[in-house]
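Engineer: Residue strings, one per chain:
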Amino acid sequence: MNPGGNMEARFPGTLESLPLLHDAVARFCGGQAVRPDAAFKIDLALEEVFSNIVRHGYGDGRPHEITVRLERRRGRVRIQVDDDGRPFDPLLAPEADVAAPLDERRPGGLGIHLVRRLLDQIRYQRRPDGNRLILVKRLGAEERST
Amino acid sequence: MTIRESKTDSFALLGIGGRVDSLNAETLKGRLQEIGQREARILVDCTALEYIGSAGLGALLVLLKLVRKQGGTLRLFGLSPHIAEVFAIAGFDKLFAIFPDLESARQAAT
Chain H
639 MNPGGNMEAR FPGTLESLPL LHDAVARFCG GQAVRPDAAF KIDLALEEVF SNIVRHGYGD
699 GRPHEITVRL ERRRGRVRIQ VDDDGRPFDP LLAPEADVAA PLDERRPGGL GIHLVRRLLD
759 QIRYQRRPDG NRLILVKRLG AEERST
Chain Y
6 MTIRESKTDS FALLGIGGRV DSLNAETLKG RLQEIGQREA RILVDCTALE YIGSAGLGAL
66 LVLLKLVRKQ GGTLRLFGLS PHIAEVFAIA GFDKLFAIFP DLESARQAAT
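Note that the protein sequences, when read in sequence, are chains H and Y. Okay, so the first sequence: first residue is 639 according to the numbering used here, each after it adds one. Okay, so the second sequence: first residue is 6 according to the numbering used here, each after it adds one.
This is chain H alone, in the form it adopts within the complex (with noise of 0.2 Å):
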């Protein structure tokens, strides 16, 4: 294992890039011994975030990529998704209320609130060309001392 590893892979900005994310997702956490438990995470937090950008943050007909860049350092996994699309702050959209009796529950807002409560940390930034975010999972005890 690499201590202070990292990994960043481009994937073209669609749905059909998700099992190549995931796949690219379970090597990093492999080779960097995260735990299943936090890897799971990871994989599902990621693949909400990059089918948000998919979803909402194109429209122009063009031809986008999504740059996702893994790093584990000081017991934590920090993961920055980089887009070109238009701006778009997830952390702004409303999110579902998971107390609503069924016949008010609607599908949207599910994935950011998945994202929110899986993960430890997230963090959006407006660039000049496109859209940046940063998310952090921590690692347990057991994780950190390896």
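These aren't lab readings, by the way, just hints derived from the structure by calculation. Remember, it's a predicted structure, so these values are computed and weren't measured experimentally. Please note that the accuracy of each hint is not assured.
What the hints assert, rightly or not - Which stretches of chain H does chain Y cover? Using the computed rule of at least three CB atoms under 8 Å from a CB of chain Y, they are:
1. 653-662
2. 677-686
3. 749-762
For glycine and all other residues, C-beta sits at the position ideal for the given N, C-alpha and C.
Starting from the known structure of chain H, fit chain Y onto it as the hints suggest.
Structural biologist: Only chain Y this time, still in chain H's reference frame:
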């Protein structure tokens, strides 16, 4: 993602396996809508379900609404701890009837 359908007693038994992500959730949703329109008593076997994101949860929500509207029964069983946690965060543990295994799901009082 795999979707298997069979029968057990008076229930339609639906097995969802593998990964349900935003890419294949529409396929799942289509199958669930079709099944929900013709079956009133459904058990969903999640034993082989490795992963489900918000898109897949949305597909299950559509099925639940369809079944409830028709006065039917929908029960889930065999959720791994990871999947159970996702359900809990989404509040789905309060919406769905969830059981540890096939036997308990089958025998639960309606």
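Engineer: Against the structure, test the hints numbered earlier, and report the numbers of the ones violated in rising order.
Structural biologist: none
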